[in-house]
Amino acid sequence: QPNAMGGREVGGLANQLAAHMDFETENVERVARFWGSKNMITKPGLKAVDLFDAIHDGKIKAVWIMGTNPVVSLLDANKAIEALQNCDFVVVSDCIGNTDTCHYADVKLPSQAWGERNGTVTNSERRISRQRPFLQAPGSAREDWQIIVEVARKMGYEDAFGYKHVVEIFREHAALSGFENDNAHGIRDFDISYLQDVDQTAYDELQPLQWPITSKSPNGTNRMLGDGRFFTPS
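Here the sequence shown stands for residues 4 to 237, numbered as in the numbering used here.
Read the hints as simulated data drawn from the structure, not as lab findings.
Take these hints with a grain of salt, some might be off.
Pairs of lysine-lysine residues, derived as DSSO-like cross-links and limited to a Cα-Cα distance of at most 27 Å, are as follows [claimed, not checked]:
| no. | residue 1 | residue 2 |
| --- | --- | --- |
| 1 | K41 | K167 |
| 2 | K41 | K62 |
| 3 | K62 | K82 |
| 4 | K62 | K167 |
| 5 | K50 | K62 |
| 6 | K41 | K157 |
| 7 | K64 | K46 |
| 8 | K46 | K62 |
| 9 | K111 | K157 |
| 10 | K111 | K50 |
| 11 | K82 | K111 |
| 12 | K64 | K50 |
| 13 | K157 | K167 |
| 14 | K111 | K41 |
| 15 | K82 | K64 |
| 16 | K167 | K64 |
| 17 | K64 | K41 |
| 18 | K41 | K82 |
| 19 | K111 | K64 |
| 20 | K62 | K111 |
Pairwise CB distance ranges (calculated) [as the list claims (entries may be wrong)]:
| no. | residue 1 | residue 2 | range |
| --- | --- | --- | --- |
| 21 | D103 | T204 | 20 to 30 Å |
| 22 | E29 | V94 | 12 to 22 Å |
| 23 | D91 | E208 | 44 to 54 Å |
| 24 | E208 | F26 | 29 to 39 Å |
| 25 | P5 | G159 | 45 to 55 Å |
| 26 | K167 | P141 | 18 to 28 Å |
Where a beta carbon is used, it is the ideal one built from N, C-alpha and C, also for glycine.
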């Protein structure tokens with residue numbers, strides 16, 4: 004998967020916070036300090052199968068599905084369909100408007116496809132690569148971050164979602180990776196803090212790099228753990 008690692012870097016799994024951090028108390032408090040948040044989630048969310056079980060049982064009343072087709076991808080398709088049919092409010096963001104899952108959406112938000120999006124992906128060897136658009140997005144299709152920002156603003160969170168360009172999000176992502184990532188607080192493996200001040204031109208021209216990307220390794224790190232030391236207890 005071209006961005007399986009990237010999804011984990013930004014906390015795209017139910018059991019992770021951003022910047023590859025887990026839900027240990029020290030990490031929850033660290034992310035809260037970085038964002039100045041007074042209301043931080045403190046425990047993992049539900050994974051895909053458990054999430055749809057909860058929707059099916061009526062414990063979750065609304066769901067926003069982005070760029071995936073669970074009616075096809077989940078093992079029990081019939082149960083997924085029943086869950087969406089019973090859900091009070093279903094939102095689907097996708098670049099295809101007639102997927103099996105879209106059929107059960109109350110609201111469909113058109114997103115951009117590969118070749119239309121602007122951002123980065125990270126593969127399994129820790130290599131961050133720029134994803135540059137080469138096609139004009141059709142109609143009202145928008146990038147995922149743009150959709151999230153607009154919804155957040157409508158919900159009254161404009162101060163926290165004031166992004167105008169994808170590079171602003173990337174800089175924040177890079178800054179969090181290096182926040183309290185030192186000998187005093189403990190060294191974390193994911194660190195791209197050297198890129199936290201990257202300007203738009205440098206971001207546009209960014210060449211593939213393997214993290215960690217720090218002041219000590221500004222050109223990335225081809226090989227990790229070469230000294231025989233690991234980030235987890237042996």
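- Task: Would you check the hint for K41 and K157, treating anything up to 27 Å between C-alpha atoms as holding?
- Result: Given pair K41, K157 holds - Cα atoms ~21 Å apart, limit 27 Å.
- Given the hinted pair K62 and K167, is their alpha-carbon gap at most 27 Å? violated (35 Å)
- Query: Could one say that the CB atoms of E29 and V94 fall in the range 12 to 22 Å?
  - Reply: violated (34 Å)
- CA of K62 to CA of K111, is that 27 Å or under? holds (23 Å)
- Below or equal to 27 Å on CA atoms is what counts here, so check K46 against K62. Within the cut-off at roughly 17 Å; holds.
- Agreement of K64 and K46 with the hint, judged by alpha carbon distance not exceeding 27 Å: It holds: about 20 Å lies between the C-alpha atoms, which stays within 27 Å.
- Query: Would the pair K64 and K50 pass a check requiring their Cα atoms to be no farther apart than 27 Å?
  - Reply: holds (16 Å)
- Message: For a C-alpha distance cap of 27 Å, please report whether K111 and K64 respect it.
- Response: Cα-Cα ~17 Å, so holds.
- Item | Straight-line alpha-carbon gap K41 to K62, limit 27 Å | Holds, at about 26 Å.
- Proposed proximity, K50 with K111 (alpha carbon, max 27 Å): Judged against 27 Å, a Cα distance of about 23 Å means the pair holds.
- Between K41 and K167, is the straight-line Cα distance small enough, at 27 Å or below? holds (24 Å)
- Query: Within a Cα-Cα threshold of 27 Å, do K64 and K41 meet the stated pairing?
  - Reply: Holds, at about 25 Å.
Violated hints, listed in ascending order, are 4, 14, 16, 18, 21, 22 and 25; each of the other numbered hints is respected by the structure.
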